[in-house]
Each structure stands twice: as structure tokens, then as C-alpha cells.
Amino acid sequence: MAKRIEAVNVSAYYGSFRAIDNITMTIEPKSVTALIGPSGCGKSTFLRSINRMHEVLPGAKVDGQLMIDGQNIYDRDIDVTAVRRTIGMVFQRPNPFPTMSIYDNVVAGLKLNGVRRKAALDDACEKALRGANLWNEVKDRLNRPGAGLSGGQQQRLCIARAIAVEPQVVLMDEPCSALDPISTLAIEDLIAELKNQYTIVIVTHNMQQAARVSDRTGFFSIDSTGEPGRLIEYDDTAKIFTNPSVKRTEDYITGRFG
Amino acid sequence: MSQQSLTTTPAGAQGAGGGGALPRGSRLGAEKLFRGLATAAGSTVLVIIVAIAAFLIVQAVPALRADSENFFTFQSWFANDDPPKFGIAAIAFGTVLTSALALIMAVPVALGIALCLTHYAHRRVASTLGFFIDLLAAVPSVVFGLWGRDYFRGPVGDFSKFLHDHFGWIPLFGGGGPYGNSILLGSIVLAIMVLPIVTSLSREVFAQTPAQNEEAALALGATKWEMIRTAVLPYGKPGIIASVMLGLGRALGETIALALTLGAVYNVSFDLLGTGGNTIAANIALKFAEANPTGRSALIASGLVLFAITLVVNMTARAIVYRRREFVGGAA
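Going down the list, the sequences are from chains F and L. Numbering (full-length UniProt numbering) for the first sequence: 1 to 258. Numbering (full-length UniProt numbering) for the second sequence: 1 to 332.
Next up, chain F with everything else stripped away, as it sits in the complex (with noise of 0.2 angstroms):
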């Protein structure tokens, strides 16, 4: 249920400008993953390479391989959805679909694949919904709209969509940077359940986040405004928080980041 991530030399593009260079580095199954830096740094546009979501925007493409347990996604013949449907992503903003129900929102993703018998669909939206710690919050309203929820909900709501169709990875993009403390906890929380089956990813502009959550901590930064992004060090989160080996790593964990 988990797979390892390989990117060799990934290169993104908006149009002709590069906002990721030869991005170069393997993510391990089952565990979770932090992207930090400065905004701008391309870290997200990295995660959005991971399950081709970058190349949805116009003019937007990819470069380089990335590899999910040696497949590479970016071969010509690899259909673009499946690789969508094993990499899973949460966004920024939670972003439950307005028009449907709680239940629809949870199960877009199956009848996506086809799936369309009722037990089915009722026990899978019961599995993802529990795995997303919102269950007992909305087992009795299950028929409401999905926009009805609070902020921090929705987004579980959105955890719930996402691994609803049983994805090997789940991205998150600052899934948090919308969310209260509250509800930033039982995000955090669920991460650190989800990595038993998942391997995760996350791009946050929260340290203490990163810390607390992940195990391994990649830092992405620019040199200056226009530059591409570029992952500048890359180690287990410990290290990185403790005894970074790049002075630039450094400055920015510690607040000296110029």
C-alpha cells in the first residue's frame, strides 16, 4: 500500500521560465516526507510534479524522471489518471466539490473507477471516513453538503476523498495553512496514522510542522527572485532541525534567512 518515490533530475516549466532544477531525491514508503523553504522556492510545484498535477495549468510541463517503485510516470505511455488515482493529493484550501453530499464527496473518486454498487460505496465511505478521524462527526449527516463543514473538517473531508480510492502515495500541499490550531492537531494527528500505510509527502511553510510530523526533510530554495527552485539539502528531519549540514539550511530553520 506504499511505494517508494524516485525523482531524477526533475526540471519544471512554467512556459519558459524553470521553477524547479534537477531536482534529485528518493522518498521511501511509508513514511513522511516535509518540503520546506521559502515561498516561491518551488516546492510545491515539485509535489504537483510528483502526480502530474503540474502539467494541468497552461503551459506548465516537466522535465527529467520520476520514478514510483521504477516506473517512471512521465514514460509516453503511462495514462496520465492512473497515475493520478495511486498518488493522491490534498490541496492548500480545502476543496470539497460544493454541489455534493458528504457521502458524494467521498466516494467521487470510486465512481470515478467505475465503481457504482451501493454496499461498496457505503463501506468504502465509512473505511475513508474513519481513516480521516471525521467519521463520528458525520456518520448521522452523511446526506448534507459537504461545504456545510467547518474549515479544519473539510479538509478531512478532502483526506478522506483522497485515500478513499486506496492511493500508495498521498501528497499534501500545505494542507494545514488554511486551519486553525485545532484543527491543524488532528491534520498532524492523522498524518502520523496515515504513514502506517501511506508513504506522504508534505509541503509546508511550518517548521515546527515539519518537526513534529515527518521523518525525512527536504529544503528547497531559490537564489534569488527568478532563479529556479533547488533542493539544497535533504536528511532525516533530526538532523535537519538539529545539525543541518548547509549553513543556508541553517539560516532559514533558525530565522537568519536572507
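Since the hints were derived computationally from the structure, they do not count as laboratory data. Quantities reported herein were computed from a predicted structural model and do not represent experimental measurements. Note that CB positions come from ideal geometry on N, CA and C, so glycine has one too. Any given hint could be a false lead.
Stated by the list, open to error - When the alpha-carbon atoms are kept at most 30 angstroms apart in a straight line, the in silico DSS-like pairs for lysine-lysine are as follows:
no., chain 1, residue 1, chain 2, residue 2
1, F, LYS195, F, LYS111
2, F, LYS118, L, LYS237
3, F, LYS111, L, LYS224
4, F, LYS118, L, LYS224
5, F, LYS127, F, LYS61
6, L, LYS224, F, LYS127
Said to hold, decoys possible - Derived coverage of chain L by chain F (criterion: at least 3 residues anywhere in the stretch with Cβ under 8 angstroms from a Cβ of chain F; other residues may be distant):
no., region
7, 223-230
8, 233-246
Said to hold, decoys possible - Pulled from the structure, derived: some chain L residues nowhere near chain F, Cβ distances all over 10 angstroms:
no., residue
9, SER76
10, ILE133
11, LEU135
12, LEU218
13, GLY263
14, PRO293
Given the structure of chain F, go ahead and fit chain L onto it with the hints provided.
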């Protein structure tokens, strides 16, 4: 700042934050005035609607009293005769039938064009195509009518013959000609006229789909079409309904193009191909010049019916949109 200036400097002289004493309601006059103006503008709509309804009712009553047939079931229109004989059945039926056919033809195409413009076409192609759609909306309806009657009637006649020869067993296509001005011709022309309205409105609606909802669908492994079905269409549903209703409004009220392309025949018939078809608005246009006072009153009575049909259609659309409101964030 001295104590003196606090009490003597007029409000406004110290910056908007106001370091001095609080000013006394000097801006409230403008506020009240504006509120009055806005309320008056809002009420104008109501006044106009009520005035039109009252006019129609008052003018229609004499003819309705004089009518020697049942106004609702009689199919012909001899309002100038003595005693006058006229009924709304045929032309009301024709109005609804041509509009419905026009929408059935126009809406799928319009939604297709709108989706192509917002989600498939290259940006430059989309803006060019959008320009032509808007141009289509700007063509006066009399031009559509003349084009339909003098040019389009031939091809539609041939098509009618084809439909009759191959699908004549379907009652709709049972008419054996001659193929001239027919319900089919009128509703195709009407469909072309409705097309740009539905297209431009639904294009706006589709373009407003939040990118985050589209991305959510794509990230679940949806293809583009599945993404449109999951995120774009449900989100746009109230807007689609509204655009269809506006299109229907145009179709129901369309006058001159249908006066030129329908057969002006007074009967309730589902024969789409043969010479026939008439609508309330077209009938008013064709009969008004030759109408005597009773005839004119009768035509106004038919206008009252059209008014009522439009009202019901709009209220139905509102009800549909309202029923789903909690699922679109209460915005509809």
C-alpha cells in the same frame, strides 16, 4: 495638537481617522438620499410589471366577453368577425412547441460550444470563436426570418422529405408535404437565434468554476470529461438553468422571425414537417394591422396568455434553482 484645535477644527481637517471630536451626522443626508434612490429604482421594476399586467387585463376583457367560442380550447382566430370567434389553443400550443423544439436543438450545442470555449479550445481560438458567437447574437431577428424564409426553406424542405421518407412512421414526421413554412423550419431558425444567448451565458458560468474544484477532480484521476461532469457541470447547474430560461424567454417572445418562417396555420398538431405552425407573438404581428377594436382586444388577450406562460416558466426555473441552493454555498 492643542486643546483648542480639538474643539474648533471642523471634522475632516484632521484626516479621515479623525483626531478631533466625533462629527455629527453630516454624511447621513447623502446616505439617506442614495438609499431612497436605490429603493425607488428597485420599485420601478415592480411598478412596470404591475402596470403591464393591468393594461393587458383591462384591454383584454371586452374581447373575452364578446368571444362566442371557448377562448382556451378554440383553435382558430376570427376575432374581426361578428360575433368574434377566437381561441388561444392553437397559437399557445405552437408557441410552446416551437420554443421547446428550439431549446432541444440549441441547448446541447450551446453547452458544447461553451465547454469547448472554456475548457478545450486554445485561448486564441476561443476568443475568436466567442467573438463570432456574440456577433450571431447581434443579428436582428428580421434578418434571421428573411434568411430562414428565402434561403433556408429549401434545404429544410429537402431534409423534411428525407425525414418523412425514412422516419415517417414517427408521428412527428408524418406530414407528407408540401414542405414550405413549417414548425421544423421555424424552430430551427429559432434555435439558431437562441444559441448565442445560451452559449455566452453558460460560457460565463463554466469559466467561473473554481480552479480548486477542477483540480480536485483531476487529482482523483478524472479525465477531462469526467472532471467536467464532476466539477464543472454540477457547479454551473443553476447558471445553466438560468441561461436556458433566458433563451426560452427569447424563444417564447420571438415575433418577426417566426411570422416569416411558420405557416400561420391555426391547429393543434404535432406534424413538424408540413406547412403549419403559429405562435402567439407571430399571430399578434400578422393580425394587428388588420384588426378592428375587438380584434385588437383579442390579440391583447393572447398577449396576456404569453405573459402568463413566461411568468410560469421563470418561476419554475427559480424554484428549481432554489431547491438546490444549500449545495452551492447559498449563492444561487
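Verification of the supplied hints:
Using a Cα cut-off of 30 angstroms, the hinted pair LYS195 (chain F) and LYS111 (chain F) holds, with the two alpha carbons roughly 25 angstroms apart. With a CA separation close to 25 angstroms, the supplied pair LYS118 (chain F) and LYS237 (chain L) stays within the 30 angstroms bound. With a C-alpha separation of about 15 angstroms, the suggested pairing of LYS111 (chain F) with LYS224 (chain L) holds against the 30 angstroms cut-off. Under the criterion of a C-alpha separation no larger than 30 angstroms, the hint pairing LYS118 (chain F) with LYS224 (chain L) is consistent with the structure, at around 25 angstroms.
Distance check on the hinted pair: LYS127 (chain F) and LYS61 (chain F) sit about 36 angstroms apart at the alpha-carbon level, beyond 30 angstroms; violated. For the given pair, LYS224 (chain L) sits about 28 angstroms from LYS127 (chain F) by alpha-carbon distance, which is consistent with the 30 angstroms threshold. Counting residues of the region 223-230 of chain L whose beta-carbon sits less than 8 angstroms from any beta-carbon of chain F gives 3, enough to reach three: the coverage restraint holds. Residues of the region 233-246 of chain L lying with their CB closer than 8 angstroms to a CB of chain F number 3, which satisfies the three-residue condition for coverage.
SER76 (chain L), annotated as away from the interface, keeps every beta carbon of chain F farther than 10 angstroms; the closest lies near 48 angstroms. Here ILE133 (chain L) stays apart from chain F, with its beta-carbon at least about 22 angstroms from theirs, past the 10 angstroms limit. Against chain F, the non-interface label of LEU135 (chain L) holds: every CB pair exceeds 10 angstroms, the least being about 26 angstroms. A Cβ of chain F approaches the Cβ of LEU218 (chain L) within 10 angstroms, the least distance being about 6 angstroms, so the stated non-interface status is violated.
Listed as outside the interface, GLY263 (chain L) is consistent with that label: its C-beta sits roughly 44 angstroms from the nearest C-beta of chain F, beyond the 10 angstroms cut-off. Chain F leaves PRO293 (chain L) outside its interface by the beta-carbon criterion, the shortest separation being 54 angstroms against a cut-off of 10 angstroms.
In summary, the numbered hints that this structure violates are 5 and 12.
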